[in-house]
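Number of protein chains: 2
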Amino acid sequence: MFDVCLLGTGGMRPLPGRYLTSCLIRYGGHSVLIDTGEGTQITLCRTGWSFKDIDTILFTHYHADHIAGLPGLLLTIGNSGREEPITLMGPQGLRVVVEGLLRITGKLPFQVLGRELTKEEIEEQREICIGDMFVTPGKCSHGGMPCVGYSVAIKRRPRFDPERAKAAGIPLKLWRVLQQGEEAVGEDGTLYTPDMVLAEERKGMKITYSTDSRPTKAICRLAEGSDLFICEGMYGDPEKQEKTEEKHHMSFQEAATMAARAGVKELWLTHYSPAMPDPEEYLEVARAIFPNTHLGKDRMIREFKYED
Amino acid sequence: MFDVCLLGTGGMRPLPGRYLTSCLIRYGGHSVLIDTGEGTQITLCRTGWSFKDIDTILFTHYHADHIAGLPGLLLTIGNSGREEPITLMGPQGLRVVVEGLLRITGKLPFQVLGRELTKEEIEEQREICIGDMFVTPGKCSHGGMPCVGYSVAIKRRPRFDPERAKAAGIPLKLWRVLQQGEEAVGEDGTLYTPDMVLAEERKGMKITYSTDSRPTKAICRLAEGSDLFICEGMYGDPEKQEKTEEKHHMSFQEAATMAARAGVKELWLTHYSPAMPDPEEYLEVARAIFPNTHLGKDRMIREFKYED
Numbered sequence: 001m002f003d004v005c006l007l008g009t010g011g012m013r014p015l016p017g018r019y020l021t022s023c024l025i026r027y028g029g030h031s032v033l034i035d036t037g038e039g040t041q042i043t044l045c046r047t048g049w050s051f052k053d054i055d056t057i058l059f060t061h062y063h064a065d066h067i068a069g070l071p072g073l074l075l076t077i078g079n080s081g082r083e084e085p086i087t088l089m090g091p092q093g094l095r096v097v098v099e100g101l102l103r104i105t106g107k108l109p110f111q112v113l114g115r116e117l118t119k120e121e122i123e124e125q126r127e128i129c130i131g132d133m134f135v136t137p138g139k140c141s142h143g144g145m146p147c148v149g150y151s152v153a154i155k156r157r158p159r160f161d162p163e164r165a166k167a168a169g170i171p172l173k174l175w176r177v178l179q180q181g182e183e184a185v186g187e188d189g190t191l192y193t194p195d196m197v198l199a200e201e202r203k204g205m206k207i208t209y210s211t212d213s214r215p216t217k218a219i220c221r222l223a224e225g226s227d228l229f230i231c232e233g234m235y236g237d238p239e240k241q242e243k244t245e246e247k248h249h250m251s252f253q254e255a256a257t258m259a260a261r262a263g264v265k266e267l268w269l270t271h272y273s274p275a276m277p278d279p280e281e282y283l284e285v286a287r288a289i290f291p292n293t294h295l296g297k298d299r300m301i302r303e304f305k306y307e308d
Numbered sequence: 001m002f003d004v005c006l007l008g009t010g011g012m013r014p015l016p017g018r019y020l021t022s023c024l025i026r027y028g029g030h031s032v033l034i035d036t037g038e039g040t041q042i043t044l045c046r047t048g049w050s051f052k053d054i055d056t057i058l059f060t061h062y063h064a065d066h067i068a069g070l071p072g073l074l075l076t077i078g079n080s081g082r083e084e085p086i087t088l089m090g091p092q093g094l095r096v097v098v099e100g101l102l103r104i105t106g107k108l109p110f111q112v113l114g115r116e117l118t119k120e121e122i123e124e125q126r127e128i129c130i131g132d133m134f135v136t137p138g139k140c141s142h143g144g145m146p147c148v149g150y151s152v153a154i155k156r157r158p159r160f161d162p163e164r165a166k167a168a169g170i171p172l173k174l175w176r177v178l179q180q181g182e183e184a185v186g187e188d189g190t191l192y193t194p195d196m197v198l199a200e201e202r203k204g205m206k207i208t209y210s211t212d213s214r215p216t217k218a219i220c221r222l223a224e225g226s227d228l229f230i231c232e233g234m235y236g237d238p239e240k241q242e243k244t245e246e247k248h249h250m251s252f253q254e255a256a257t258m259a260a261r262a263g264v265k266e267l268w269l270t271h272y273s274p275a276m277p278d279p280e281e282y283l284e285v286a287r288a289i290f291p292n293t294h295l296g297k298d299r300m301i302r303e304f305k306y307e308d
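For the record, the sequence lines run as chains F and G.
The first sequence begins at 1 in this note's numbering and counts up one residue at a time.
The second sequence begins at 1 in this note's numbering and counts up one residue at a time.
Isolated chain F, as found in the complex (with noise of 0.2 Å):
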């Protein structure tokens, strides 16, 4: 299935039993992982999950808080033995910003993948595929640092129709080439193509991923149906809207409108400030504009499964 781990709920700095905001998604026996904050690795080691599965990283942004914790990763990925490459994805400023914390690891037994992504890939939202998951990048706005948040999503392929590859007198032999989306050659020179064994499009799940921005449009379009919407509320206390905006974050009360603009399912707030102890004091500001919002903790998970 498709898995998702909430690894932190901090922003800023890590506290004694918050982590800062990292998510990791399993799916087909890889996973991506969305943020390396310090301390990263061990509140993964605390699930239990596996450290030797993750192919790809993708980073927001290049703050310490949410990057600093790479360098110990990457070694402890390699002591777990893996020794495929890995992937770090990520908006402008990657390659800089990789090769100064790396100066600390040694030599690595996988290679390190940089893959910076574009202007126009965020711009334009571009779907990249990564093994059977899809990721998307969406602008968001966090004072002039560039900065991104993801949907990552599975796509699911219709399922296959006999009675329709009867009626339409498909060879059989060619049913599993059709099956698998591919177009096929009868021996009389007949092309057959997928969409005429295939029942109707089968919804799929997407969940997204934004943090360290003001509310965007560009964040909005990007949630877009997802049956998950994991978004940064760095305060809950409407008093403290004015600092909100000037340290370019995003309010439990704005996460809530944009969850509800989106028309997502459920909403999962995180990377609350250090001064915030109580998240739970403000659940019922987020709750007012969306319902289904829940305070995310560290480690909290779900696992997606498909509708039908």
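Because the hints were derived from the structure by calculation, they are not lab data.
All clues stand as given, with none of them false.
One copy or two, either will do: identical chains are not told apart, so a pair holds if it fits within one copy or between any two.
Taking lysine-lysine and the DSBU-like style, the derived pairs with C-alpha atoms no more than 35 Å apart in a straight line are: (1) Lys-107 to Lys-240; (2) Lys-107 to Lys-247; (3) Lys-240 to Lys-52; (4) Lys-52 to Lys-243; (5) Lys-107 to Lys-119; (6) Lys-155 to Lys-203; (7) Lys-243 to Lys-107.
Got chain F; can you put chain G on it based on the hints?
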């Protein structure tokens, strides 16, 4: 007084409940921190000790498990309100590593000063004055990576002896200057020296800290007569001796042997391998060699008071 806190006791990677080896020493309102692996700021936060008083950070070497926590720590020190400069000190390579790591901190509210130790300072174990503390580096042997141990000492001015001052006929108004260790000239031109009014030397305090090294004569010399010797014990199991040597580390037995040779009062073991979940199992191995051995634990604190 002179307070020592072993912030973490882990080697290689931070574990839930075992942070990476780091040590904070407080004296007279100033703090010296040795090593800042990933998570150091979290364990420091648990102690309740001040971030703002950290004036100097000493690095043994630049493997990630000893320095990856630096960017986050500096940001948190900045958020504590510190504006005075911080000095980073370590062996060869300091500037390159720090320049790389600080790419993710943005502008800090204080100046970061780099003080790379020279080969002569390390080889000759030259004393460096830091406020009221005296720091001495000593050469470690860690497989080619420049690496040092440190001793941190407090010296005490000898007590003033009014009987001696009277007997020497020193004018009363010069007593204060002489007491402070300075020379003074009387109205009649007579030169008075501090030794005329001061009693015998008084023992100060000294702790020595060494990790990531094979046993060396230099560390033994550095640790000589220490009140406390904090030393790596990567493995306790005598069967892991070969592995310990291969990885350029030190075993419980070797640390205890060093402690005995250096004539220290007390030994704390630290920097345990993640593969050794229960160091307690091997404590007796070290105690058979050096009875006053203790197992370092995260946030173990010792207040040192003068003997007299």
